[in-house]
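Colleague: Below, each chain spelled out in residue letters.
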Amino acid sequence: DTGVSQDPRHKITKRGQNVTFRCDPISEHNRLYWYRQTLGQGPEFLTYFQNEAQLEKSRLLSDRFSAERPKGSFSTLEIQRTEQGDSAMYLCASSLVNSYEQYFGPGTRLTVT
Amino acid sequence: DQQVKQNSPSLSVQEGRISILNCDYTNSMFDYFLWYKKYPAEGPTFLISISSIKDKNEDGRFTVFLNKSAKHLSLHIVPSQPGDSAVYFCATPLSRMLTFGGGTRLMVKP
Numbered sequence: 001d002t003g004v005s006q007d008p009r010h011k012i013t014k015r016g017q018n019v020t021f022r023c024d025p026i027s028e029h030n031r032l033y034w035y036r037q038t039l040g041q042g043p044e045f046l047t048y049f050q051n052e053a054q055l056e057k058s059r060l061l062s063d064r065f066s067a068e069r070p071k072g073s074f075s076t077l078e079i080q081r082t083e084q085g086d087s088a089m090y091l092c093a094s095s096l097v098n099s100y101e102q103y104f105g106p107g108t109r110l111t112v113t
Numbered sequence: 114d115q116q117v118k119q120n121s122p123s124l125s126v127q128e129g130r131i132s133i134l135n136c137d138y139t140n141s142m143f144d145y146f147l148w149y150k151k152y153p154a155e156g157p158t159f160l161i162s163i164s165s166i167k168d169k170n171e172d173g174r175f176t177v178f179l180n181k182s183a184k185h186l187s188l189h190i191v192p193s194q195p196g197d198s199a200v201y202f203c204a205t206p207l208s209r210m211l212t213f214g215g216g217t218r219l220m221v222k223p
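Quick mapping for you: the protein sequence lines, in order, are chains B and F.
Using our numbering, the first residue of the first sequence is number 1, and each one after it goes up by one.
Using our numbering, the first residue of the second sequence is number 114, and each one after it goes up by one.
Hints are supplied without guarantee of correctness; some may be wrong.
Restraint-style ranges between C-beta atoms, simulated for each label pair [claimed, not checked]: (1) B:D7 / F:S123: 25 to 35 Å; (2) F:M220 / B:A53: 36 to 46 Å; (3) B:K71 / F:I131: 26 to 36 Å; (4) F:Y145 / B:K57: 18 to 28 Å; (5) F:M142 / B:T113: 38 to 48 Å.
Capping the alpha-carbon separation at 27 Å, the derived lysine-lysine pairs in DSSO-like fashion look like this [as the list claims (entries may be wrong)]: (6) F:K150 / F:K169; (7) B:K57 / F:K150; (8) F:K150 / B:K11; (9) F:K150 / F:K181; (10) F:K118 / B:K57; (11) B:K11 / B:K71; (12) F:K169 / F:K118; (13) F:K118 / F:K167; (14) F:K167 / F:K184.
Since the hints were derived computationally from the structure, they do not count as laboratory data.
Glycine is no exception: its CB is placed at the ideal position from the N, C-alpha and C atoms.
All chains, full assembly: derive it from the sequences and hints.
Modeller: Now the structure itself:
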């Protein structure tokens with residue numbers, strides 16, 4: 001299967017620790033997106049890349065969050081000094097440049113204790 | 114302020130009957146809409162989409178209707194099956210990101 005994959009699927013961390021998540025998009029997709037979803041809400045956009053360039057960031061993405069896509073393939077999302085409010089499902093998606101359809105990975109569920 | 118709204122948090126339907134999920138939007142400039150289905154512990158799965166140049170798009174048991182004057186779209190599932198039980202999200206592209214509604218949980222009873 002060549003869908004979007006994310007690692008890890010679950011992460012439990014203590015407040016103040018740093019965490020890093022990885023996303024591997026569908027191989028031929030140039031665009032990669034990060035979203036966050038909390039209980040009872042739809043996914044909320046965080047940031048997106050076209051190839052290795054980070055082209056847009058949401059106001060939700062505080063200074064503690066950083067994302068990279070170094071070679072235009074996989075991406076990482078790092079959260080520094082985690083807070084309990086960071087507890088959420090972090091979703092990665094990818095798409096072709098000229099398509100609105102985004103294909104999502106299974107997500108990484110973060111719990112900050 | 115939510116630009117895409119799903120006002121029904123849940124819907125229960127008997128197997129074999131029609132499921133109708135609704136979505137309202139605020140901006141008449143929105144010109145493309147998507148529906149996603151989400152099972153627990155999985156990411157959203159793309160289901161069906163519609164461009165504003167159409168008022169209907171059909172794919173098997175799934176049909177999306179768009180009413181531009183009312184700024185309303187709906188997803189019809191006929192016939193509903195227990196495996197359709199999931200959370201359904203409508204979404205629209207804003208720039209390159211997708212803006213989602215809050216979702217409707219559909220339960221199809223056998």
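Colleague: Confirm or reject each hint.
Modeller: Outcome of the hint check:
Taken as a hint, the range 25 to 35 Å holds for the pair D7 (chain B) and S123 (chain F), whose Cβ atoms sit roughly 32 Å apart. With their beta carbons about 43 Å apart, M220 (chain F) and A53 (chain B) fall inside the hinted range of 36 to 46 Å. Distance hint check for K71 (chain B) and I131 (chain F): the Cβ-Cβ separation is about 48 Å, which falls outside the suggested range of 26 to 36 Å. A C-beta distance of roughly 23 Å is found between Y145 (chain F) and K57 (chain B), which places it inside the suggested range of 18 to 28 Å.
Separation of M142 (chain F) from T113 (chain B) is about 43 Å and conforms to the stated range, judged on CB atoms against 38 to 48 Å. For the suggested pair K150 (chain F) and K169 (chain F), the alpha carbons sit about 19 Å apart, so the restraint of at most 27 Å is met. A threshold of 27 Å between alpha carbons decides the hint, and for K57 (chain B) with K150 (chain F) the separation of about 25 Å falls inside it, so the pair holds. With a C-alpha separation of about 24 Å, the suggested pair K150 (chain F) and K11 (chain B) falls inside the 27 Å cut-off, and the hint holds.
Note on K150 (chain F) and K181 (chain F): the hinted pairing holds, with a Cα-Cα distance of about 23 Å set against a maximum of 27 Å. A hinted pair counts as satisfied when its Cα atoms are at most 27 Å apart, and K118 (chain F) with K57 (chain B) qualifies at roughly 23 Å. Straight-line distance between C-alpha atoms of K11 (chain B) and K71 (chain B) comes to about 25 Å, which keeps the hinted pair within the 27 Å bound. Restraint check for K169 (chain F) and K118 (chain F): satisfied, since their Cα atoms lie roughly 20 Å apart, inside the 27 Å limit.
Straight-line distance between C-alpha atoms of K118 (chain F) and K167 (chain F) comes to about 21 Å, which keeps the hinted pair within the 27 Å bound. Annotation: proposed proximity of K167 (chain F) to K184 (chain F) holds, straight-line Cα distance about 13 Å (limit 27 Å).
Checked against the numbered hints listed earlier, the structure breaks hint 3 alone; every other hint is satisfied.
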